[in-house]
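Please build the complex by placing chain B on the supplied structure of chain A, with the hints as guidance.
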Amino acid sequence: MTHLPFIAGAYAIALLIPAGYALAAARRLRVAKRRLAALEPRRRGFRQ
Amino acid sequence: MVPRVDAPTAIASPAPTIRPRPGRGLHRFANPGRFLRLSGALLPWLAAGGALLTAVGVVWGLFFAPADWQQGDAVRIMYVHVPAAWLASAGYLSLAVCSAVALVWRHPLADLAAAEISPVGAGFTAICLATGSLWGRPMWGAWWVWDARLTSVLVLFFLYLGHIALVRAFDNPERGYRAGAILALVGVVNLPIIKFSVDWWNTLHQPASISLFGAPTMYVSMLWPLLFTAFGYTLIFAALVVARTRAAVMERRIRALLMSKAERSGAPGA
Numbered sequence: 001m002t003h004l005p006f007i008a009g010a011y012a013i014a015l016l017i018p019a020g021y022a023l024a025a026a027r028r029l030r031v032a033k034r035r036l037a038a039l040e041p042r043r044r045g046f047r048q
Numbered sequence: 049m050v051p052r053v054d055a056p057t058a059i060a061s062p063a064p065t066i067r068p069r070p071g072r073g074l075h076r077f078a079n080p081g082r083f084l085r086l087s088g089a090l091l092p093w094l095a096a097g098g099a100l101l102t103a104v105g106v107v108w109g110l111f112f113a114p115a116d117w118q119q120g121d122a123v124r125i126m127y128v129h130v131p132a133a134w135l136a137s138a139g140y141l142s143l144a145v146c147s148a149v150a151l152v153w154r155h156p157l158a159d160l161a162a163a164e165i166s167p168v169g170a171g172f173t174a175i176c177l178a179t180g181s182l183w184g185r186p187m188w189g190a191w192w193v194w195d196a197r198l199t200s201v202l203v204l205f206f207l208y209l210g211h212i213a214l215v216r217a218f219d220n221p222e223r224g225y226r227a228g229a230i231l232a233l234v235g236v237v238n239l240p241i242i243k244f245s246v247d248w249w250n251t252l253h254q255p256a257s258i259s260l261f262g263a264p265t266m267y268v269s270m271l272w273p274l275l276f277t278a279f280g281y282t283l284i285f286a287a288l289v290v291a292r293t294r295a296a297v298m299e300r301r302i303r304a305l306l307m308s309k310a311e312r313s314g315a316p317g318a
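Protein sequences appear in the order of chains A and B. In terms of my numbering, the first sequence opens at residue 1 and continues consecutively. In terms of my numbering, the second sequence opens at residue 49 and continues consecutively.
So here's chain A without its partners, still in its complex pose (with noise of 0.2 angstroms):
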């Protein structure tokens, strides 16, 4: 394959900033969850 480096940096690049921005998305989820649970947890209105 011709330009192989050229190809692996932009192939890793497109994958990994999309990836770095769903694990950040997902953490952020998921301690918004859990503090929004911790603050009221009985209400059903707003789920989820």
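Keep in mind that a hint or two might mislead.
[Stated by the list, open to error] DEER-style ranges, computed between Cβ atoms:
1. Arg-223/B / Pro-5/A: 43 to 49 angstroms
2. Val-268/B / Arg-27/A: 37 to 43 angstroms
3. Leu-86/B / Arg-27/A: 20 to 26 angstroms
4. Glu-40/A / Phe-112/B: 48 to 54 angstroms
5. Val-107/B / Glu-40/A: 41 to 47 angstroms
6. Gly-20/A / Leu-202/B: 19 to 25 angstroms
7. Ala-263/B / Arg-34/A: 50 to 56 angstroms
8. Ala-89/B / Ala-12/A: 31 to 37 angstroms
9. Met-1/A / Thr-265/B: 20 to 26 angstroms
10. Arg-85/B / Ala-26/A: 16 to 22 angstroms
11. Leu-16/A / Ala-89/B: 24 to 30 angstroms
12. Asn-250/B / Leu-39/A: 56 to 62 angstroms
If you are wondering where the hints come from, they were derived from the structure by calculation, not from laboratory data. Glycine is no exception: its CB is placed at the ideal position from the N, C-alpha and C atoms.
Quick look at chain B alone, frame taken from chain A:
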């Protein structure tokens, strides 16, 4: 600091407020609980579909699509560069639409969505710029040229960064959302410049190979993996925005609950 008033709190407020008619138009989705239920059902499908389509497109583009007769295997960078470029522009358009909805109709979720679109859009614009640079070095002999297309996409990246900074620059979130919305709407002028830069100026960047109304000028064995990664990236973009907006809705609710708890306990400064 005055917290933003959520729909359930607004109903309990004694002050006269203009409330949307229930069950009509976009305001059906203004209820945070309803948004969380709908988005919670949608999110796994968006994420799984995006990951699957992107994986198929990447494997197809890397290992099965043919090399270009001029560019060699460097053409494979196109399968991630072009979808990232499309999403950079489409993401900004969605940011502008959310900003307009927030400014005109005061939709309570539109400003939250706009604030969550801009970091994701900036990420995809960064992918576009970085992968384009990695393609340009072996093909043009330069990591960067001040070409009209490249420069206008760089301006788009700065618009995203400006929106991210502006939204978070005020103590009162409402003012930040409003300032960000105005910036987003002004920045829309850059989108046609990006799109038509290769036609209006004599650029090093090649013109579009795919258009909405004409036949593609690329071979079909290269077109399919590109479409797979494009649809996959689109679903991933949507999944990221939905997940971040869900988290933002919950965080706003947490802030409101903490404020009311502090007011009830008579804490100073509450």
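Each hint tested on the structure:
Between Arg-223/B and Pro-5/A the beta carbon distance is about 47 angstroms. The supplied range of 43 to 49 angstroms therefore holds. Roughly 41 angstroms separates the CB atoms of Val-268/B and Arg-27/A, a value that falls within the hinted 37 to 43 angstroms. For Leu-86/B and Arg-27/A, the Cβ-Cβ distance of about 22 angstroms falls inside the hinted range of 20 to 26 angstroms, so the restraint holds. For Glu-40/A and Phe-112/B, the Cβ-Cβ distance of about 51 angstroms falls inside the hinted range of 48 to 54 angstroms, so the restraint holds.
The hint said 41 to 47 angstroms for the Cβ distance between Val-107/B and Glu-40/A, and at roughly 45 angstroms that hint holds. Roughly 22 angstroms separates the CB atoms of Gly-20/A and Leu-202/B, a value that falls within the hinted 19 to 25 angstroms. For Ala-263/B paired with Arg-34/A, a C-beta distance near 52 angstroms keeps the hint of 50 to 56 angstroms intact. Roughly 33 angstroms separates the CB atoms of Ala-89/B and Ala-12/A, a value that falls within the hinted 31 to 37 angstroms.
For the pair Met-1/A and Thr-265/B, the beta carbons lie near 25 angstroms from each other, so the given range of 20 to 26 angstroms is met. In this structure the supplied range 16 to 22 angstroms holds for Arg-85/B paired with Ala-26/A, their Cβ-Cβ distance being about 19 angstroms. Taking 24 to 30 angstroms as the suggested C-beta distance range, the pair Leu-16/A and Ala-89/B conforms, at roughly 29 angstroms. Checked against the hint of 56 to 62 angstroms, the pair Asn-250/B and Leu-39/A passes, with Cβ atoms roughly 60 angstroms apart.
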